[in-house]
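Protein chains in written order, with the working numbering: chain F, 4 to 498; chain Y, 4 to 264.
Hints listed in this document are in silico derivations from the structure and should not be mistaken for laboratory results. These numbers come from a predicted model, not from an experiment. One thing to keep in mind: the hints can contain errors.
As the list claims (entries may be wrong) - Straight-line alpha carbon distances no greater than 27 Å define the calculated DSSO-like cross-link-like pairs of lysine-lysine that follow:
{"id": "1", "chain 1": "F", "residue 1": "K410", "chain 2": "Y", "residue 2": "K190"}
{"id": "2", "chain 1": "Y", "residue 1": "K190", "chain 2": "F", "residue 2": "K32"}
{"id": "3", "chain 1": "Y", "residue 1": "K104", "chain 2": "F", "residue 2": "K410"}
{"id": "4", "chain 1": "Y", "residue 1": "K127", "chain 2": "F", "residue 2": "K480"}
{"id": "5", "chain 1": "Y", "residue 1": "K190", "chain 2": "F", "residue 2": "K394"}
{"id": "6", "chain 1": "F", "residue 1": "K480", "chain 2": "F", "residue 2": "K410"}
{"id": "7", "chain 1": "Y", "residue 1": "K190", "chain 2": "F", "residue 2": "K489"}
{"id": "8", "chain 1": "F", "residue 1": "K32", "chain 2": "F", "residue 2": "K203"}
{"id": "9", "chain 1": "Y", "residue 1": "K164", "chain 2": "F", "residue 2": "K420"}
{"id": "10", "chain 1": "F", "residue 1": "K32", "chain 2": "F", "residue 2": "K52"}
{"id": "11", "chain 1": "F", "residue 1": "K394", "chain 2": "F", "residue 2": "K420"}
Said to hold, decoys possible - Here are the in silico distance ranges between beta carbons for each label pair:
{"id": "12", "chain 1": "Y", "residue 1": "A67", "chain 2": "F", "residue 2": "G467", "range": "48 to 58 Å"}
{"id": "13", "chain 1": "F", "residue 1": "A86", "chain 2": "Y", "residue 2": "N176", "range": "37 to 47 Å"}
{"id": "14", "chain 1": "F", "residue 1": "E220", "chain 2": "Y", "residue 2": "D132", "range": "51 to 61 Å"}
{"id": "15", "chain 1": "F", "residue 1": "E220", "chain 2": "Y", "residue 2": "A67", "range": "23 to 33 Å"}
{"id": "16", "chain 1": "Y", "residue 1": "G33", "chain 2": "F", "residue 2": "D485", "range": "48 to 58 Å"}
{"id": "17", "chain 1": "F", "residue 1": "Q190", "chain 2": "Y", "residue 2": "R87", "range": "12 to 22 Å"}
For each residue, glycine too, the CB sits at the ideal point set by N, CA and C.
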Amino acid sequence: MSRVPLDPRTAPSFQTAAKVLLGDAQLRKNVRHATDVIQNKRRRLVEEKHDWQQMRESGRQIRAHALQHLDIYLAEFERNFTAAGGHIHWARDAAEAQRIVIDLVKQTGTSEVIKIKSMTTEEIQLNNALEAAGVHAFETDLAELIIQLGEDQPSHIVVPALHKNRSQVREIFRKKMNLPNLGETPQDLAEAARQFLREKFLRVPVAISGANFLIAETGGVCIVESEGNGRMCLTLPETLISVVGIEKVLPSWQDLEPLIQLLPRSATGERMNPYNSLWTGVHPGDGPTNMHIVLLDNGRTDVLADHEGRQTLQCIRCGACQNACPVYRQTGGHAYGSVYAGPIGAILTPQLMHMEHSQSLPYASSLCGACYEVCPVKINIPEVLIHLRNKVVEQNGWYAPESLAMKAVAQAFLSEKRFRAAQRLGRIAESPLVKKRKQNKLQVLGQEEAQTPGWIGWLPGLLGGWTDTRDLQAMPKETFRDWWEKRNEKGSNRT
Amino acid sequence: MNVALFITCYNDTLFPSTGKAVVQVLERLGHTVTFPAGQTCCGQMHWNTGYQIEALPLLPRFVAQFEHAEAVVVPSSSCVAMMRDHYPMMAERIAAEGEDKTLPERVAKLLPRIWEFSEFLTKKLGITDVGAYYPHRVTYHASCHGLRGLGLGDGPLSLLKSVRGLELVEISNLEQCCGFGGTFAIKNAEVSSAMLAEKTQAVLNTGAEQCTACDNSCLMHIEGALHRQRTGVGTKHIAEILAHTEADAAAEANNPVEVTV
Ligand code: SF4
């Protein structure tokens, strides 16, 4: 059941992938519907909170502060988690994290693990690595199970199977669970998943998870979820291995207060997550007796070092920016070529890849600002996108055709004379492309001069992207400044 | 009041009628309009596309042109958002590079006097009725920079509601981007077109004759599709609607406006 994971190193550019996905009517309908539903639920719950903006601000400050002093809080977490009976492992990159997890699983002697939904383990492609090492991982989150059984890829960080509708899910279950007579109500599907998973919860001795927050002060770990399958994984198996990005640490227990309110309202439009699991260390007779946390860097230290990019790490993975994004709405998540889709993916993936891959992602946005508006920890995503665009432009070099054109235009803007010359030049250059209106003018209307300057229906090269679906109004004969000058020459003749 | 008009590079070149309308409205309200001749561009296109180095020199140029104005009016929300969001930091950067240490302070003094056109009317002057007459069914597109960048809120709507004869119909997806996004419309033309299709559908659903906004950039995009599909629905910058009076209507009746083919 191994599948080809979303890998930024091999994924096609956003434009290329988007082109294909835009042709999938079913997918687009599913994505539009699901994001509309979640957004409406979120909006209602945000509106009822009169202190929402203050809460966002405290969320931002807590996360920014934790990142500012990450070295201190990580060390504090390690001390307290270890004192409570857990084991900490540090992983520089995906390969190291995979190795650590495989070794830990092998030590238990099992060849099966159950998993709680975790984007971090998706990021490091853990399932495939386990499979290659002879360990089978069972996803227990309903959406992740759908993805796994369908040999699909997650398209959303909170609702990974958001691009599938109910009848598609039913088909996957029918085939993969061998249930030819499966009904199609949500109850039927949930029951099928329950039957499929229960037996594994009771049998498999090792669970693998991520975490929403780590608490430095106590060495505590927090996982929130909606289904309770996570709770099963956290309580039944003897061994729990959590793979957690180093940015997930919070200084104190109290810091959870705003975050645990901001997260469910933003993510699923719920006042509270149905299951909030918080545990500190090993307690005999209560939960796993063998607890490991793999603290994963995988590019995060470099993001932290970048003054302007750093705020990306404040993210609490609520997915609100994905639901609000008008670009994601059209393409769904797979176009982003990474488990992190949508606006957060557009800024996170290129940075985690050290700007060596995914250079098309910073441009996969109209900078409309909807993501920033909903982000519960106030990550200014448009600002980070622009920052990353600068890096891409630098990488492309001054001799790239776009760069040369942009430099020429910038030069024109530096002098009024040159700007006017450029305006005249533009009018000359476009003139062969303008459909002349004069010839079409209806005699009966009897106007001397055309009021609007005609239309362009075709443009060459890259600009053709515009005219594939849009006309372009031609430049009027007279610029505003020409008009202004004439008007002032005429003096009293004011419009 | 003495108002300096920053027309913006693309309005100057592509939409002079908007500039004329701004002048007309402000003069009708008794203000004096000036046009600093050395003005060109605020730097938005370069800044947002990743050309910071090219955008930076445009800042001192803009400041020199406008810092003595009593008020600066700009008929483009995205350009005003550019200035408010990025000029302070750009000025700091120029100062840090040792080029012009006075720039941050000059920018800080100038910014509060810069107004988007509709905002100048509703927030600075505190008026909504500018004496306009426009007997048409109109829908309003809240551009992203106006809506989220400047927080224009109901300001433009209250201006339109005070226009005599105008029937205002609300669009269903007011908060959704039209897909323009500057170079996004070309770099990601396919996705941009898909976003635009949703927006134009919503415009058509209103049954409006004209779609208006505080940004000609979005309108150029929306009209591009409306015209391609020969819908007969047009777009007009809000200033052009607010400039329109009964005298204009009478003149048009005697000399009908041409049909665009
Ligand atoms: S960037 Fe903000 S809105 Fe997007 S997933 Fe992260 S926390 Fe949520």
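Structure-based check of all given hints:
1. K410(F) / K190(Y): Given that 27 Å is the threshold and the Cα spacing comes to 18 Å, the pair holds.
2. K190(Y) / K32(F): This hinted pair holds, its Cα atoms lying about 24 Å apart.
3. K104(Y) / K410(F): holds, 25 Å
4. K127(Y) / K480(F): Violated, at roughly 34 Å.
5. K190(Y) / K394(F): holds, 17 Å
6. K480(F) / K410(F): Given pair K480(F), K410(F) holds - Cα atoms ~26 Å apart, limit 27 Å.
7. K190(Y) / K489(F): It is violated: about 38 Å lies between the C-alpha atoms, which goes past 27 Å.
8. K32(F) / K203(F): It is violated: about 34 Å lies between the C-alpha atoms, which goes past 27 Å.
9. K164(Y) / K420(F): Given that 27 Å is the threshold and the Cα spacing comes to 41 Å, the pair is violated.
10. K32(F) / K52(F): violated, 31 Å
11. K394(F) / K420(F): Answer violated: K394(F) to K420(F) is near 32 Å, above 27 Å.
12. A67(Y) / G467(F): 48 to 58 Å: With Cβ atoms ~38 Å apart, the hint is violated.
13. A86(F) / N176(Y): 37 to 47 Å: violated, 54 Å
14. E220(F) / D132(Y): 51 to 61 Å: holds, 59 Å
15. E220(F) / A67(Y): 23 to 33 Å: violated, 53 Å
16. G33(Y) / D485(F): 48 to 58 Å: violated, 26 Å
17. Q190(F) / R87(Y): 12 to 22 Å: violated, 52 Å
Checked against the numbered hints above, the structure breaks hints 4, 7, 8, 9, 10, 11, 12, 13, 15, 16, 17 and satisfies the rest.
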